[in-house]
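Participant: Sequence:
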Amino acid sequence: MITILYADCSSSYVSEEAYFYWLPYLSDTMQKQVLSYKIKRDAYLSLAGKVLLYKALQKEDSSHAKLSEITYTDFRRPFVPDLDMDFNIAHSEDFAIIAYTRYGKVGIDLERMIAVRPEDFKSQMSMDEWMRIENAVDQQTAFYVYWTQKEAVLKANGKGMYIPLQSFQIQTDFTYLEGDNWFLKEIQIADGYKCHLAMNQEQSVEIYNLTREIWNID
Numbered sequence: 480m481i482t483i484l485y486a487d488c489s490s491s492y493v494s495e496e497a498y499f500y501w502l503p504y505l506s507d508t509m510q511k512q513v514l515s516y517k518i519k520r521d522a523y524l525s526l527a528g529k530v531l532l533y534k535a536l537q538k539e540d541s542s543h544a545k546l547s548e549i550t551y552t553d554f555r556r557p558f559v560p561d562l563d564m565d566f567n568i569a570h571s572e573d574f575a576i577i578a579y580t581r582y583g584k585v586g587i588d589l590e591r592m593i594a595v596r597p598e599d600f601k602s603q604m605s606m607d608e609w610m611r612i613e614n615a616v617d618q619q620t621a622f623y624v625y626w627t628q629k630e631a632v633l634k635a636n637g638k639g640m641y642i643p644l645q646s647f648q649i650q651t652d653f654t655y656l657e658g659d660n661w662f663l664k665e666i667q668i669a670d671g672y673k674c675h676l677a678m679n680q681e682q683s684v685e686i687y688n689l690t691r692e693i694w695n696i697d
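Everything in the sequence shown is counted per the working numbering, starting at 480 for the first residue and increasing by one.
Think of the hints as simulated: they come from the structure by calculation, not from any bench.
Take the hints with a grain of salt, since some may be wrong.
[As the list claims (entries may be wrong)] The following label-pair restraints were derived from C-beta to C-beta distances: (1) E665 with T508: 19 to 25 Å; (2) F554 with Q619: 28 to 34 Å; (3) Q667 with K601: 24 to 30 Å.
[Unchecked claim] Lysine to aspartate or glutamate pairs mimicking DMTMM-like chemistry, simulated, CA-CA at most 20 Å apart: (4) K511 with E539; (5) K534 with D553; (6) K638 with E657; (7) K534 with E548; (8) K538 with D553; (9) K664 with E692; (10) K511 with E548; (11) K517 with E496; (12) K584 with D659; (13) K538 with E685; (14) K584 with E572; (15) K584 with E657; (16) K584 with E685; (17) K584 with E539; (18) K538 with E572; (19) K584 with D563; (20) K519 with D507; (21) K519 with E496.
For each residue, glycine too, the CB sits at the ideal point set by N, CA and C.
Given only the sequences and the hints, what does the whole structure look like? Please build it.
Facilitator: Okay, structure coming up:
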């Protein structure tokens, strides 16, 4: 099973009190990352993503619920040594989200669907993908579907943008990359956002909104 936790970090929910409550739970390195943001919203998003990871570690194995144990691969993908759990974090605009599992690899991408010119990203798509976007009734939504699917796969693979987006092609909720099959599932978080989950083993998905828990709302 894959579990997804997310939190709304909009001004309607966040608080300085909760921010300073959670900050000591982070490692020194993570605290420096959060405090380095000059824009408060970015700091809240960064903090929320790390607290969601803390919550995931708590749920899976309380003995490993220490963010100080997080380390990184050569491609800067975080993991917990000696814990059989894969996870991936994403942020966009007002939301932070994490997907995690005990089985296989996962990647998640979340994007606020702001207005873009899809043609500016044509070089990042395969020929077939671009034709589908170009022929879509809603080109903006079609673009964000492919973009979040591709980003989720790259994040699950672990190499991120070291792999060119146009080097692999999305079929219907499926793709193949570097010897692995990747299954894709759309995740509904909020209006105006597009989110996709990538996994190398098809699994059931459970989704939990931790907004009130993260921001200490009664």
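Participant: It remains to establish, for every hint, whether it holds in the given structure.
Facilitator: Consistency of the hints with the structure:
1. Look at E665 against T508: about 33 Å separates their beta carbons, and that is not inside 19 to 25 Å.
2. As the Cβ distance of F554 to Q619 is approximately 30 Å, the hint placing it in 28 to 34 Å holds.
3. At about 28 Å, the beta-carbon gap between Q667 and K601 stays in the expected band of 24 to 30 Å.
4. Straight-line distance between C-alpha atoms of K511 and E539 comes to about 26 Å, which puts the hinted pair past the 20 Å bound.
5. Between K534 and D553 the alpha-carbon distance is near 25 Å, which puts this suggested pair outside the 20 Å criterion.
6. Our distance criterion of 20 Å between C-alpha atoms is met by K638 and E657, whose separation comes to about 11 Å.
7. The straight-line distance between the Cα atoms of K534 and E548 is roughly 14 Å, inside the 20 Å bound, and the hint therefore holds.
8. Between K538 and D553, the direct Cα distance comes to roughly 27 Å. Violation of the 20 Å bound is thereby established for this hinted pair.
9. Proposed proximity of K664 and E692 is contradicted: the alpha carbons are some 26 Å apart, above 20 Å.
10. For the hint pairing K511 with E548, the CA-to-CA distance comes to about 16 Å; that is within 20 Å, so the pair holds.
11. As the CA atoms of K517 and E496 are separated by approximately 18 Å, the hinted pair is consistent with the 20 Å bound.
12. Using a Cα cut-off of 20 Å, the hinted pair K584 and D659 holds, with the two alpha carbons roughly 10 Å apart.
13. Taking the CA atoms of K538 and E685, the gap is about 13 Å. The hint holds against a cut of 20 Å.
14. Between the alpha carbons of K584 and E572 the distance comes to roughly 25 Å, so the proposed pair goes past 20 Å and is violated.
15. For the suggested pair K584 and E657, the alpha carbons sit about 14 Å apart, so the restraint of at most 20 Å is met.
16. Note on K584 and E685: the hinted pairing holds, with a Cα-Cα distance of about 16 Å set against a maximum of 20 Å.
17. Of the pairs offered as hints, the one joining K584 and E539 holds, with about 16 Å between alpha carbons and a cut-off of 20 Å not exceeded.
18. A distance of roughly 26 Å separates the Cα atoms of K538 and E572; the hinted pair therefore is violated under the 20 Å criterion.
19. Note on K584 and D563: the hinted pairing holds, with a Cα-Cα distance of about 11 Å set against a maximum of 20 Å.
20. Using a Cα cut-off of 20 Å, the hinted pair K519 and D507 holds, with the two alpha carbons roughly 19 Å apart.
21. With a C-alpha separation of about 14 Å, the suggested pairing of K519 with E496 holds against the 20 Å cut-off.
The structure is inconsistent with the numbered hints 1, 4, 5, 8, 9, 14, 18, although it conforms to all the rest.
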